[in-house]
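**Q** Listed below, chain by chain, are the residues.
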Amino acid sequence: MNGSVKLTGIQARGVLPRVERVLFGHRRLVLAGLAVFTLVMAWFAVQLRMDAGFEKQLPVGHEYIQTFETYRNDLMGANRLTIVVKARKGDIWSAPGLKRLYEVTQAISFLPGISRSSVRSLWTPNAFVNEITEEGFRADPLVPGTVSPEHLNDQVIASIANSTAQGGFIGTLVSRDQSSAMITAELNEYEADGTHLDYVAFNHRLEKELRQQFEDGDFEVQIIGFAKQIGDIADGASAVLEFCLLALLLTAAAVYWYCHSLRFTLLALVCSLASLVWQFGSLRLLGYGLDPLAVLVPFLVFAIGVSHGVQQINFIVREIATGKSAEAAARSSFTGLLIPGTLALVTALVSFVTLLLIPIPMVRELAITASLGVAYKIITNLLMLPLLASMLRVDDEYAAAQEISRQRRTRWLRGLSRLAEWRNAQWVLGVALVIFLVAIWQSHDRVVGSLQAGAPELREDSRFNRDAVSIANNYDIGLDWLSVVFEAKPGEAGEGVPATCEDVAAGQYQDRFVWAMQGVPGVLSVASFSSNLRQFNEGYNEGNPKMAVVPIDPMNYAALATEVARTPGLVRTDCSMSAVHLYLADHKATTINRVVEAVKAFRSEYSQPGLAIRLASGNAGVLAAINEEVEKSETPMLLYVYAAIALLVFAVYRDLRAVLVCCLPLTIGTFIGYWFMKELQIGLTIATLPVMVLAVGIGVDYAFYIYNRLQLHLAHGQSITKAVEHALLEVGVATIFTAITLAVGVATWAFSDLKFQADMGKLLAFMFIVNMVMAMTVLPAFAVWLERVFPRKRPVRMIGALLH
Amino acid sequence: MRFRGSLIAAVLAATLPLLSARAEPLQTVPAVQASNATQATMLDAVWAGERVVAVGDHGVVLLSDDQGKRFRQARSVPVSTQLTGVSFVDAQRGWAVGHWGAILATADGGESWQIQRLSSDVDRPLFDVHFFNAQQGVAVGLWSLLLITEDGGKTWTEQSLPPPPGARKADLNLMGLFAGSHGTLYATAEHGQLLHSEDQGKSWGYLDTGYAGSLWSGAVLDDGSLLLGGQRGTLLQGTKEGKGWRRLPTHGKGSVTAMAVAGSRVLVVGLDGLMMLSEDGGRHFQEKQSADDLSLTAVLLDAQGTPVLFSRRGVMPYQK
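Chain order of the listed sequences is A and B.
The first sequence begins at 1 in the UniProt record's numbering and counts up by one.
The second sequence begins at 1 in the UniProt record's numbering and counts up by one.
Same shape as in the complex, but just chain A (with noise of 0.2 Å):
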């Protein structure tokens, strides 16, 4: 074809060239050994199951996370399971009502993993009203121990009605139009035996025995907490099977549109297939599980895997149709992509292992997994690819039938490759740093974390989140809550101290802190240590509001207290540890950060000897620290992924031009990418930001297969502008078909049942598209540039690092 160079003959003496010769004299003995480690591999792969966690997704040694680790048995538990029966006709308050709520209490403390004195709803002893008579304040069960649901009449459930709207449970164990009444429990996820409680199989029972055994057309039953949601996630992660089978017909297709051969099509999808057995097989033997939420990653890496896949085939077709044998072309494929290909690939690798930076459990085992997923692309597709290559069998025919397509389609391409000229690489330039700007002033505030109600991983109208938002709406209890702790100092009880139940300080303290607290937009409500005691001290005096005070006597105090520790969650019996628990209005990561400012501002206004306030527990509290490690960790993980670009560029083409111009078209995609992101209201979470950090590394593979093919044009004298815009006719197809085949794969997961996927599908599929058009069109019009501004001394020399 026009302008393409024979590099064979100066290309002799180098180490590739050795590496090339071994291997593909001994090519059956590799691919013979390729084969059985996929088989052996393949063994470890079908064993591998579906894996949960809720440990692992909190992040390693924060703050908060050490203060939800310390106080995980005394507080509510982030990881607590709420289960409403709602009566679809009517109230709760009818014998069938109140019996099924039994039934459901009952199924509930019989299944694996639940804390069993945790379970709470009208039918348990732990809640109780606490009752003002003429003889004081007393303490009795919702429903008499007297009562079986069997014999339920109409005068002992008005009783029980009764005594539930005088104890306040009227918007915590029912709802508040009385329709439905709720039962929460508290999960282990390690059992005694230090078994892990297995969540997919839990929320299959979940379904099994509680939904479908009790809801029926009377009564409805709605079930939210984290294990159901992973549970949920987990089922809906196994539908992403379906897409990535649709996704990967869609790039066969495409593959063999673009090399009409059945046999390069083949090629590149078993390629890929491979190395993706290799990481499931490795995945297995490591003992990890397939995490719903990092489910999508081994796509990723296969699509990674795609890509470079065509721009072999591109390569062995391209020489082919100069006529050369299907052995001599992957031959000179190999030698000619390996350089780009590991560049590509080893930098996909550096993105992956950044991730590491992030000390949370679930994405460092995302980062190991996926980085062994990289690494075996190298072998796969810079090797083992152009080996099966070289033993097809590739006719005359079919050469002149690919020369021609070819021209076809470059032809088009030449009026892109006209973009390289001066005068209109100076326009690219300025659009592009028009575009650029608007991106950086538009991806300002940035949303971090999730947006909307319930489970951000999960569609808004799915079943748990309509479950969410409606036992939100029906009751007091929020969905998101931050638990901030109040912990005695232990050390500094020396004598003449009071015991901390006597410490009635505290209880001043903590009072002004509430009340502190009350005032932070984003908070709808606080229950505390406190407000009990003051709750309390109002009931023991008759009612009235004018002793709904945190009495300052020590010994009122001390036995007030011991009456709240009877409540669960809100304060150690020994006085050691008393919570707030602030419910939230949302989980926006800007509503949380705005409460954790207001509790630290407090913190550090109002200090009291003896006594510290822990950030924080509760679903917030982990959000919150997740959150902030994910912002934290992105700036430095991209700066790591540039600088390793930087860095390989630099030490393969000893050039700062190559540098710039491999990194400033990412760095414009990147922030469109934010930019995208703001629109479509997509947190960072930890979901999205292996996506963008991915895309960067993705979106190098393009800007080095350019380059290189550049690289090379230079070196043989040609003038910038010409050498531009052969590369661009002999790489540019293949890397715009692969943008869109890959875009338009990871497209269909829009259209997922999981959000989180849908989220990066469009992320993933923008990024693609964006990083190809930089490349295409910035890429060269820098270059362009750059030779123009800075004019070289020396001429470009040969890609040295293997050569010579």
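For the record, the hints were derived by calculation from the structure and aren't laboratory data.
Where a beta carbon is used, it is the ideal one built from N, C-alpha and C, also for glycine.
Be careful, since some hints might not be right.
What the simulated footprint calls covered on chain B by chain A, stretch by stretch (three residues with Cβ under 8 Å from a Cβ of chain A suffice, anywhere in the stretch; the number is not a length) [what the hints assert, rightly or not]:
| # | segment |
| --- | --- |
| 1 | 25-34 |
| 2 | 76-83 |
| 3 | 119-133 |
Given chain A, put chain B in place with the hints provided.
**A** Structure of chain B alone, referenced to chain A:
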């Protein structure tokens, strides 16, 4: 009434004063300027000239210069404990009382307050205050705590009460104060007792209403007869001499927290949304409920008879 824990503690504190000695005395903290000040529970409200002054939880004092349409928080209050009662003698000078036995005074219409008395070593809150003029005032609280001043609050003297009829010592909680037309001051108390003083609080006598529960509030009606509010919807009416007590029929079961009189219009409010309105000087009451059964805690009527209401959740929206 069951001030159970407190009572035990008080007995112990009296017999073994060393035991209650604290390593560090409780420190008062000035009330903070809060964005949600109007949502704090308000426990008493009075007119200071044209201005409404309301006091309540967290040391919040709210001021309104437009008859209760809009409120703002007082600039400076030196305590953040609950304030329970307030009294003004003119548009400038007023006093507020509350927990920790606090008595605060203002000379600028409630904008800023100074501490006159504070005793945080005993848990004996004050529940109400009344000033006859700029010099003479009375404050009442837990276990017959009775303080009087003759010098505008510079010095407060604890006044001992005679034991109620049939009892050995005076320990009734004094819940509220209200003044009659001829300088008589009434204090509502536990066990249906109403105390009265004709000499600015120096000496007191008991009037037995025959009611068993606690009386939280009271008022003198247009015709001079007395109206008292008790627990669980109890409303008692008696002659100006404090005799002939009869119970007014009510449906509401909320304890009566406050009442306001403007001519023949009488508004009584209480817990769990209790609201009773009379247009004929207290002869007949019409009952209604506040929205959400919200507990009402203080009430004022302006010259036109428009109510200014306060609840457990602070200022109630202005009502026509």
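**Q** It remains to establish, for every hint, whether it holds in the given structure.
**A** Hint check:
Check on the segment 25-34 of chain B: 5 of its residues sit with their Cβ under 8 Å from a Cβ of chain A, so the three-residue criterion for coverage holds. Given a C-beta distance limit of less than 8 Å, the hint that chain A covers the segment 76-83 of chain B holds, as 3 residues qualify and 3 suffice. Interface restraint, the segment 119-133 of chain B with chain A: holds (5 residues with C-beta to C-beta distance below 8 Å; minimum three).
Comparing the model with each earlier hint shows no violations; every hint is respected.
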